[in-house]
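The task is simple: from the sequences and hints, build the whole structure.
So the sequence lines, in the order shown, correspond to chains A and B. Quick note: the first sequence uses our numbering, first residue 1, plus one each step. Quick note: the second sequence uses our numbering, first residue 1, plus one each step.
Hint data in this document are derived by calculation from the structure and do not stem from the laboratory. Hints should not be assumed to be uniformly reliable.
[As the list claims (entries may be wrong)] Distance condition first, Cα-Cα at most 25 Å in a straight line; then the derived BS3-like pairs of lysine-lysine:
#1 A:K161 - B:K56
#2 A:K363 - A:K161
#3 A:K37 - B:K56
#4 A:K359 - A:K376
#5 A:K37 - A:K359
#6 B:K37 - A:K34
#7 A:K363 - A:K376
#8 A:K359 - A:K34
#9 B:K111 - B:K56
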Amino acid sequence: MTQPTINDFHTILPMIVLSVWACLLLLVDLFIPKDRKGITALLAALGLILSLGFNLTRIGMESVGFSGMVVLDGFATFANVLLLLSGLFGVALAYGYVRRMGIERGEYYTLLLFSVCGMMLMAQAADLIIVFLALELLSIPLYVLAAFARGDMQSQEAGVKYFLLGAFATGFVVYGTALVFGATGTTSLGGIFAAASAGASTGSGNGLMFTIGAALILVGFGFKVAAVPFHMWTPDVYQGAPSAATAFMSSGAKVAGFVALLRVFSTSFPALASDMNGILWTLSALTMIVGNLIAIAQTNIKRMLAYSSIAHAGYILMAFVSYGNPQVASVSIASGMFYLMAYTLTNFGAWSVVVALEKAEGKGLEIADYAGVARKHPALAAAMAVFMLSFIGFPPTLGMVGKFYLFRAAIAGGYTGLALIGVLTSLVSAYYYLRVVVNMYMREGELVPEREPWLGFATALTAAATVALSLVPQWVFLLASTAVMK
Amino acid sequence: MNEWLYVALFVFVGLLIPVGAIAAGFIFGPKKANPIKKSTYECGIEPVGEVWVQFKAQYYIFALVFLVFDVEAVFLFPWAVKLGQLGLYAVVEGILFITILIVGLVYTWRKGMLEWV
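Here it is as structure tokens:
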């Protein structure tokens, strides 16, 4: 066993900072009086900002730590920035919401920090064992967050459903890991690739076992990112969980799931690309079609956004289909990362509007309730319109640029059919996204939004970023591609 | 392949013994049933009341705290056995591990979960 050096700790420094901060926050929170839990929220945000600061100083650095268990590279740094921002938005959205809903407890923020820790570990994992640990660390706090409104039956249901199906999905990942280990004799991502190539050249590889293992890992992550046909839990959990928690889990957990999928598949399983192409193609197409079509029938905004998040998982999966093709893989993965960023910003924005309009006891969550918001609060309605247009992929928003990059990459990889499905389902999605906008602008109603400074700030920031970043997309895309290229 | 034969043999014998014992009891044993014999075996004392009783919900928190320290012991045994070879790093790691668990204990304590309700 090798003794760790300072370099090992440096590799995961932002995560260490955040996890220590979270442990301390758990203790500090015990001494903060019940009616002043806002302090906990601010401290949690401070920890995230601190970790983000450490993370930003490490742009361009590369290292491997703890005997090849964790890795620091541009990809991990890019993902970490995204995840920490998700955490910050998660705190901002929850700050007023949990108080208003009467579920304000300090643990909310501690759990959120722990979950972000798990997501960051996921982005830096270079070994299937660490992937599994990170998956647990990020999921378990999310199960609790889903059930955080203890008195609400729907929230309880969401928590139990998420826990049972999440644990089930984790079982797939573990079984897949075991089979891959059985076939290659290692759990290190790089080692698996080396063992698989060596096995293929000598003809002694356990091909079938290896393929099944990889497929099971794909199934496990398919659950986490809510890809059809593993999406069944999503609408119920997203609807039942407190809206602020849903916003965080639909963004953060999705980013972490895709980042892990990306890392594991492009590092360990390029040899399986020919087997996986068809599977990923079908997953992506099914996810786009089913997500978008079922979203049409939804009348509840939370359920609609849940199906929309399923549909967007399909678009992002499009970037994975050509992961084994070295000519287009890096551009395609960079477009995937770009779209993840676009989705995260837009998604947080849309959920911040939902949080602003939600009343106690689940009132104000029907799309019909959104009637007349534009008259009462034009800025909020305008922001929601921006987010909906971005979800559809309408210029000038980030969603449009993201889809452009994705479809371009898919066509470059020779998957014109998939790109076509993407375009067509985007057209379909316009119907249900625009219905929200129509309701807000063209109907009369009396829903009064809550005015909370941090919430309003989050909405304004995401709306401004969604529009502004779409005007300089090449700059962001360059960031994403340098992150992927190494 | 030979090693696997032993495993198969072990599984076979392992199954044979309990199945044989139960079958022998079933075939040769006298069958004189009375209400006490037919009742469910719980712990030797006559069972009282229904099966579907409500447990105090507070118990789960004790179970949880107990589990934390039970698992801690499981992890600390191999650590303690190999401590001599592992050196200072393992000591620090062990202390870190215990500290994190202590954070949990302080949390439960402060939350009043250790009081008997």
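Here is what the structure says about each hint:
For the hint pairing K161 of chain A with K56 of chain B, the CA-to-CA distance comes to about 24 Å; that is within 25 Å, so the pair holds. Proximity of K363 of chain A to K161 of chain A is assessed by CA-CA distance (about 23 Å); at most 25 Å being required, the pair is judged to hold. Between K37 of chain A and K56 of chain B the alpha-carbon distance is near 30 Å, which puts this suggested pair outside the 25 Å criterion. Between the alpha carbons of K359 of chain A and K376 of chain A the distance comes to roughly 16 Å, so the proposed pair stays at or under 25 Å and holds.
Between K37 of chain A and K359 of chain A the alpha-carbon distance is near 21 Å, which keeps this suggested pair within the 25 Å criterion. Using a Cα cut-off of 25 Å, the hinted pair K37 of chain B and K34 of chain A is violated, with the two alpha carbons roughly 56 Å apart. At most 25 Å may separate the alpha-carbon atoms for a hinted pair to count; K363 of chain A and K376 of chain A meet this at roughly 18 Å. Under the criterion of a C-alpha separation no larger than 25 Å, the hint pairing K359 of chain A with K34 of chain A is consistent with the structure, at around 22 Å.
Taking the CA atoms of K111 of chain B and K56 of chain B, the gap is about 18 Å. The hint holds against a cut of 25 Å.
Checked against the numbered hints given earlier, this structure breaks hints 3 and 6; the rest are met.
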